[in-house]
Every structure is written in structure tokens, then in C-alpha cells.
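Take the given structure of chain A and dock chain B to it, following the hints.
There are 2 protein chains.
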Amino acid sequence: MVPHLITALTGPINELEARILESMPAIERWFRLEWMEHTPPLYATADLRNAGFKLAPVDVDLFPAGFHHLAPQMLPLAVQAAMAAIEKICPEAKNLLLIPRRGPRSSFYLSHLQRLVEVFNQAGLNVRLGALDDDITAPTAVAVPEGGELLLEPLLRGPRRLGLKGFDPCTVLLNDDLGAGTPALLTKLHEQYLLPPLHAGWGVRQRSVQSRNAEEVAKKFAKLLGMDPWLLHPVSASVAVGQANGAHAAESLQHGIDAVLSKVRRKYKDYAINERPFVVIKPDRGSTELRFVGVRDAKELANLEPTLRQALLDALERGGSGLLVQEGVPACERVNDALAEPVVCLIDRYVVGGWYRVHASLAGDAPLTALGARYVPLAFAESHRLPRRGEKPGASAPNRFYMYGVVARLALLAAAYELEASDPDAEVYD
Amino acid sequence: MVPHLITALTGPINELEARILESMPAIERWFRLEWMEHTPPLYATADLRNAGFKLAPVDVDLFPAGFHHLAPQMLPLAVQAAMAAIEKICPEAKNLLLIPRRGPRSSFYLSHLQRLVEVFNQAGLNVRLGALDDDITAPTAVAVPEGGELLLEPLLRGPRRLGLKGFDPCTVLLNDDLGAGTPALLTKLHEQYLLPPLHAGWGVRQRSVQSRNAEEVAKKFAKLLGMDPWLLHPVSASVAVGQANGAHAAESLQHGIDAVLSKVRRKYKDYAINERPFVVIKPDRGSTELRFVGVRDAKELANLEPTLRQALLDALERGGSGLLVQEGVPACERVNDALAEPVVCLIDRYVVGGWYRVHASLAGDAPLTALGARYVPLAFAESHRLPRRGEKPGASAPNRFYMYGVVARLALLAAAYELEASDPDAEVYD
Numbered sequence: 001m002v003p004h005l006i007t008a009l010t011g012p013i014n015e016l017e018a019r020i021l022e023s024m025p026a027i028e029r030w031f032r033l034e035w036m037e038h039t040p041p042l043y044a045t046a047d048l049r050n051a052g053f054k055l056a057p058v059d060v061d062l063f064p065a066g067f068h069h070l071a072p073q074m075l076p077l078a079v080q081a082a083m084a085a086i087e088k089i090c091p092e093a094k095n096l097l098l099i100p101r102r103g104p105r106s107s108f109y110l111s112h113l114q115r116l117v118e119v120f121n122q123a124g125l126n127v128r129l130g131a132l133d134d135d136i137t138a139p140t141a142v143a144v145p146e147g148g149e150l151l152l153e154p155l156l157r158g159p160r161r162l163g164l165k166g167f168d169p170c171t172v173l174l175n176d177d178l179g180a181g182t183p184a185l186l187t188k189l190h191e192q193y194l195l196p197p198l199h200a201g202w203g204v205r206q207r208s209v210q211s212r213n214a215e216e217v218a219k220k221f222a223k224l225l226g227m228d229p230w231l232l233h234p235v236s237a238s239v240a241v242g243q244a245n246g247a248h249a250a251e252s253l254q255h256g257i258d259a260v261l262s263k264v265r266r267k268y269k270d271y272a273i274n275e276r277p278f279v280v281i282k283p284d285r286g287s288t289e290l291r292f293v294g295v296r297d298a299k300e301l302a303n304l305e306p307t308l309r310q311a312l313l314d315a316l317e318r319g320g321s322g323l324l325v326q327e328g329v330p331a332c333e334r335v336n337d338a339l340a341e342p343v344v345c346l347i348d349r350y351v352v353g354g355w356y357r358v359h360a361s362l363a364g365d366a367p368l369t370a371l372g373a374r375y376v377p378l379a380f381a382e383s384h385r386l387p388r389r390g391e392k393p394g395a396s397a398p399n400r401f402y403m404y405g406v407v408a409r410l411a412l413l414a415a416a417y418e419l420e421a422s423d424p425d426a427e428v429y430d
Numbered sequence: 001m002v003p004h005l006i007t008a009l010t011g012p013i014n015e016l017e018a019r020i021l022e023s024m025p026a027i028e029r030w031f032r033l034e035w036m037e038h039t040p041p042l043y044a045t046a047d048l049r050n051a052g053f054k055l056a057p058v059d060v061d062l063f064p065a066g067f068h069h070l071a072p073q074m075l076p077l078a079v080q081a082a083m084a085a086i087e088k089i090c091p092e093a094k095n096l097l098l099i100p101r102r103g104p105r106s107s108f109y110l111s112h113l114q115r116l117v118e119v120f121n122q123a124g125l126n127v128r129l130g131a132l133d134d135d136i137t138a139p140t141a142v143a144v145p146e147g148g149e150l151l152l153e154p155l156l157r158g159p160r161r162l163g164l165k166g167f168d169p170c171t172v173l174l175n176d177d178l179g180a181g182t183p184a185l186l187t188k189l190h191e192q193y194l195l196p197p198l199h200a201g202w203g204v205r206q207r208s209v210q211s212r213n214a215e216e217v218a219k220k221f222a223k224l225l226g227m228d229p230w231l232l233h234p235v236s237a238s239v240a241v242g243q244a245n246g247a248h249a250a251e252s253l254q255h256g257i258d259a260v261l262s263k264v265r266r267k268y269k270d271y272a273i274n275e276r277p278f279v280v281i282k283p284d285r286g287s288t289e290l291r292f293v294g295v296r297d298a299k300e301l302a303n304l305e306p307t308l309r310q311a312l313l314d315a316l317e318r319g320g321s322g323l324l325v326q327e328g329v330p331a332c333e334r335v336n337d338a339l340a341e342p343v344v345c346l347i348d349r350y351v352v353g354g355w356y357r358v359h360a361s362l363a364g365d366a367p368l369t370a371l372g373a374r375y376v377p378l379a380f381a382e383s384h385r386l387p388r389r390g391e392k393p394g395a396s397a398p399n400r401f402y403m404y405g406v407v408a409r410l411a412l413l414a415a416a417y418e419l420e421a422s423d424p425d426a427e428v429y430d
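Which chain is which? The protein sequence lines are A and B, in order.
Residue numbering for the first sequence follows our numbering, beginning at 1 and increasing consecutively.
Residue numbering for the second sequence follows our numbering, beginning at 1 and increasing consecutively.
Pulled out of the complex, with its shape left as it was, chain A reads as follows (with noise of 0.2 Å):
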């Protein structure tokens, strides 16, 4: 059940809607016949911003969390969906290890743990966990708050192969995001499958390259639909390490918030959108070193938090992650007054569900300095895939979730090219 959600759709997202739909066939075709040249990552998250004038993919996660807030009526399509990745990954596979996120985990990612188990031993594959933490030296228990446990095991490392007494995977799933570097005892397994690859980590990914991607797919997309590939992606500049020291590391910062600021502004105005534009500043490597910052104007910069501008210019020195500036997009949807925002969750090139954070008493051009806030997971209640046809655009939640399900897609098939790009045994073909 999504209870009162509000939705104030206007103008161009009803056009995007109405498009979307009626170009069904042509969609699905394309997003197979991208697939058959660009892998899907195994699983993830994308997390949406439906501003009501675009929507567009602001973030997706490639070790996922989360998966505890699926409906229970969707775990079938979950299910199915890992059947599907399994058979093409290793189909001769009988066992799988999990590797859960290091270090403290909280009761949430512990329900999401179980549910993960329970999606990849429903497909068929015997399932236990393996953990990266020092501390786990023996197999130990671990209660779930809603009922049962798990048993974390300590990991086995061979020299060719990764492993738990007793027990010899075929394919290793990784759900640590490898923000804090990357174990020696996962490098080197080429007898195993180990996913998502480790150039998929934290330590590796950079969020320009990942935005690069994500208008390149925009585009494509948009093309094949006549429609303006603004509406699908935010606009973002990269302010990159290594150009800036001292003084000029707070000019470059400025020319960079400066520079999306007036791409989105002309944008506003062509699409007469009478709101004030923001971007969103995040480190542009790594997952957690400095937390997203939201301004309306470079010269907010100035009156920043000292310690918080210190860490942004910190990161552009050598040594930095750089930081990229993106288009902040405001989100429209409402769950009675508090901010949702949409999370489509993926398996192989499947949607199989999705659910919104609700952020309580968080505005929705707030600046986005509170985005780590505590939130409220609802399920989608409907299914992606079941749009209502001859229906009014933004009148029907079905709907809603097949447009939320098409534009997750474009921010996996981003990953998928991200992903092709920076993998270091690629086989190069000139």
C-alpha cells in the first residue's frame, strides 16, 4: 500500500509519461537489444528524483541495501529474475557466498541481509555469508530483529579460490561497497565469479564518469523517442583533483557550481519552470568521506559551515577524490507532507520493485545537506510492469511505476557502460 501519495505532475513529465507509454514496444526493444551488447550489473538500486518537470536517476548503488522494504507480493518476480542471472552467470552454480557490508550493521541491513539469502535460495542455490571483518574468527550467530539469524562465517582464502569451511562457491556476491579499500584476500580469484567486479567499488567508481554515462544513455534514449534528454538526467560539471590548490581550489569550485547553475537556469526558462535552481556538491570517488552539499548560488559557498568548505576544498587538493556538481532535482512526490523519493530496486536486467524514502519535514527544493536524514521505507504496492493503458497521464500509479521503471533502467544500462569501460581485464577490440 503507498497510502496518500501526492502527486503534483506538471507540464512536461505528463508529456514524458504520456510518451513513454504509448512508445512501449519501441522501449522494451531497445532496453533488449542494449542488453544484448552491454551486461547488466547483477543487482542495484536506483534512486529517482521525480521532479515533476523531468525525472531523472540521481544515484544508483551497486552493492544494494534495502531489499527487506520489497513488497512481499513482489518477491516472486525477485526470485525469478535471480533464476535468470544465476543461468546465464554459471548455471552449473550449487553454491553461493554472500559477503555483507564490514563492520557495524545495523538492524536494517540485517532484515535486507536475510532477504537477500532468501531471494538467491529460492532461485535454487545453497547460500551462507562470509565476512571481511576481523573480528568474525568463528562462525557466529547474528539475530535478526524480525525473527530468525544468520551465521556469519569467517572467510577461507585459498590460493586460487575464496571459500568457508566446508563449503566451495562457484560464484562469490559481494555486498560491501569496498568504501574503505578494497581486501587483498578478494583480489585474484579467476576461478571464480566474484560480483559486482571489484572495479565496481567504492575506491574505483567516480561519480563523473558515472554521470558521463548517465547523459550518454539519455541521449541515446532520447533520440529514440524525439524528446529532450535534459528531462532524464541532471546536468553536472566535474571539478577534478589535481587543477586546484589554496585560493584557486575555491575559484574552480565556483566556476563549476557557476557553470551547472546557468545550464539549468536556461533550461528553467525554456521550460518556463518558475523555480529557483540548486545543485547538489558530492565527492566525486567514494561512498561515505563527505556528505552531499546543496547550494543555490556559488556565493553560498562562502557562508558554508567552515569545517564543511574546508572538507570540500580539501578534496580538491592532490590527493582529493575531486568532486563533481550536479543538478540538484527537486522532488515533487509527497507522502502526506513529508518528501518521497522513489528507489527501484534490480536484478539482472529486471525491475523487480522499488519502494520510496520518506524523508519527514524535509521540503522539496530543501537543500539536500539533510539527505542523510532518517527516512521511512514504503513498497511500491503495484507492479512496474502493468501500466494501465488509455489511462491519464499522472492519474495512475501503475503508470507511474512503469515511467520510474524505464528510467532505472537507463541508470543501470549507465552502469553497465561504466562498468564495460573501467574493467581492467577487458579485452580491448580496435
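Everything labelled a hint here was simulated from the structure, so no lab data went into it.
Heads up, some of the hints might be wrong.
Copies of the same chain look alike in the list, so a pair counts if it works inside one copy or between any two.
Said to hold, decoys possible - Lysine-lysine pairs mimicking DSBU-like chemistry, simulated, CA-CA at most 30 Å apart:
1) 165 to 223
2) 94 to 220
3) 219 to 165
4) 223 to 94
5) 94 to 219
6) 263 to 223
7) 220 to 88
8) 94 to 263
9) 269 to 188
10) 299 to 188
11) 263 to 165
12) 263 to 299
13) 88 to 269
The model shown is predicted, which means the values in this text are computed figures rather than measured ones.
Then chain B, alone, in the frame of chain A:
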């Protein structure tokens, strides 16, 4: 909702269910490996009979009807399975031509067609209906009882392709079982995928071959689980054309009946089943020309209604279809007092749901002359995919549905073997 479903599960079936649940990963792996070697039919329904002491498929329909009986919450599963199927057959497909059963079409059948169109449409194809009927000479709208309408269009046959006016499909989906013969306009379509292929039609298929393949698959599977294959398939004997004429026909049939009954009696004795076995006599070929006949003793043949008896014997004369004598599997499931037969619905290798055929006023071991009786469909309420671990065998509906899904896939695999062997275009590797 499956209300008041009472199952009288005893002895072996509880063991069977327990064995199947504990072996789930091995079973799923076995199926994955089988599907690597054998292509499943695009869609099918499998009729099962749950006797309490055994669970066996009694028929597989490769031109299935009844998709509108699927519970609405199962629809996304069907769509996802259809997507996976299309991806393999013809990823570049835009158009699907669906050929319905030749008329007259019941209101049930129209609802089924509407659902089938919906599934493949949501999977991303333009679906249109081409009629084999001679009286459809112009596009004809047919109202569907539950709302909406379907447009039946005349087929256009070119020298190499089949289509409709302004509609050139890459794949032709056949929903007529060809029991009335194979229309010339479906032959020699070497540029398009015709699915299921012509040799899946009832003009070609033989129930004796189906039965032999079911036995072969049951044996392979039973070996994997270390159990008696008889628990998973009905014993049968074919009484073939050409062997018999006149009085000799009756004698051949009696021998067939005796052979099956004595095998079944032995099994009943082994398992201490205190029931009286019966057999079902079916035409070996063809979908409709002969009603199924149930007898408990070869001597009952003499007491059959004379026209029915003559029809059986005629089937054994030169030019007749031959007969199959199949072990009758009593049904132990009841909805209130009515006998309930599970029907499992499959798309590609995936179980996408199912329903019960509820026969009011039929006893479980009733002679099956009444099998064509009216029935009420009752959708499976829960997914077959999600057995509950640790639940007592026989106690949980989802566990039973998982078992049904396994046995239905055995039947599907047997059909895949059958179609491979009967494929006139098969390449032979020696």
C-alpha cells in the same frame, strides 16, 4: 484466495514433499542444466493429479488456454517470463502475431486471449490477432465479456512470410492446437519463428510418446533424489494401430488394460495403498475425437455403452489413432466437497502461476468419463516459488505449490524432449 482447500495427504506424498523441499537447490540446478540442453516450449499448461500417495502430470497442453485464471498479482511474473522468452527467441522483435484457436470461441476463451495479448504486450511487443477462420475476411471486433474487445484480422500469406495487412511479425504465436489439421498457410515459414512449431500440434503428437518421455524424465529426476519414479508419473501402455482388427482389437485393448492395472496393483501393494486402481483410455492422437474413458477392470470394456466401445475399437482399426491406456491417478484435493485438479501455467522455463479446476460432484476416484465436466477455476493464491522452510510437509500451501511447480516442470521438460525428437528439421549429430 484458495478457500477451504482440504488435502488428505498421507504417507509417501509427505515424504515426497519433504524430499523435494530439502533438495531445492539440487533440483533447481538440475533444471538449469537440463534447460541448457533442451529448449522449453514457449508456453504450456500442465494438468496434475495429486493422489495423496503420488503426484503426477496427466497432460501437457502446448496450446494452452485459461491464462485469465491467473491471479492478478501473478501477472508481473508472467510478463517477466515472457520478456525472458522473447529475449532468447528474437530480441529485435517488434511485432507478435497471435493466432487464436479456430472458432467457435467461448467467452472463457476470449478472456484468455485478452490476457495473453496483455502479457506479451506488457513484455514490449505490438500484438495483433490473425484468424485462421475462413469467415474472417475483414477486421472483426469481438467483445470480451469482462470488457474491452479484440480485433480479429484476416491472415495474409506471402510466398515466404505470414502477416496481417500492414503488420509483418518476426514471431508467430500459435494458440490453435491443430487438432483439426495443419492449414497450408502455416507451412514453410522459414523466415519467421512459428511457436510452438507445427510438430507440436495434435495432428502430430502422440500421447504414447508424451507418456514415454514423461517416464524418462521422471526416472532421471527420481534418480537425482533417490526415490521411486512411479511417484511422479502415471504408468501406461500404448495399443497401437495396425496390430488389431475386429475381435483382435478388443483383445489387444484388454491386454493393454490388464498390463497397466497389474503394474499399478503391484505398486499399490508395495505402498499399502488400500484403493482400487483404474485406468484411463485416451486416443493416442488428436485432441477431441474421442472422450477419455475410465475403467477399473478389463472386463468392464464389455459393459461400456456400445457406441463408446465401438469408438474405442475403431481407433484401433487401420487408420485409427491408436489408444493409450494410462494409470488413473485419483485426486485427493477438495474444495468443499468438490474434486480439485491443479493446473500449472508455464512460460518458457518459468512457472508463472496456476489454478485449480474444481469439479463439482465428482468423487476422487470417479470413472473419468465425466472429465469433460464443467469446472470452476480457482487461482493459486500464493506463489509456487516461495516454499516455507521448516514447515511440516503437507501443512503449507506455498510448499505444495513449489512441489506442483517442480512436477509441472518435469512435464514441460518431457514435452521439450518430445518436440526435439519429433522435429522434422532437426540436425542429427552422430
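Hint numbers not upheld by this structure, sorted from lowest to highest: Those not satisfied are hints 3, 8, 9, 10, 11, 13.
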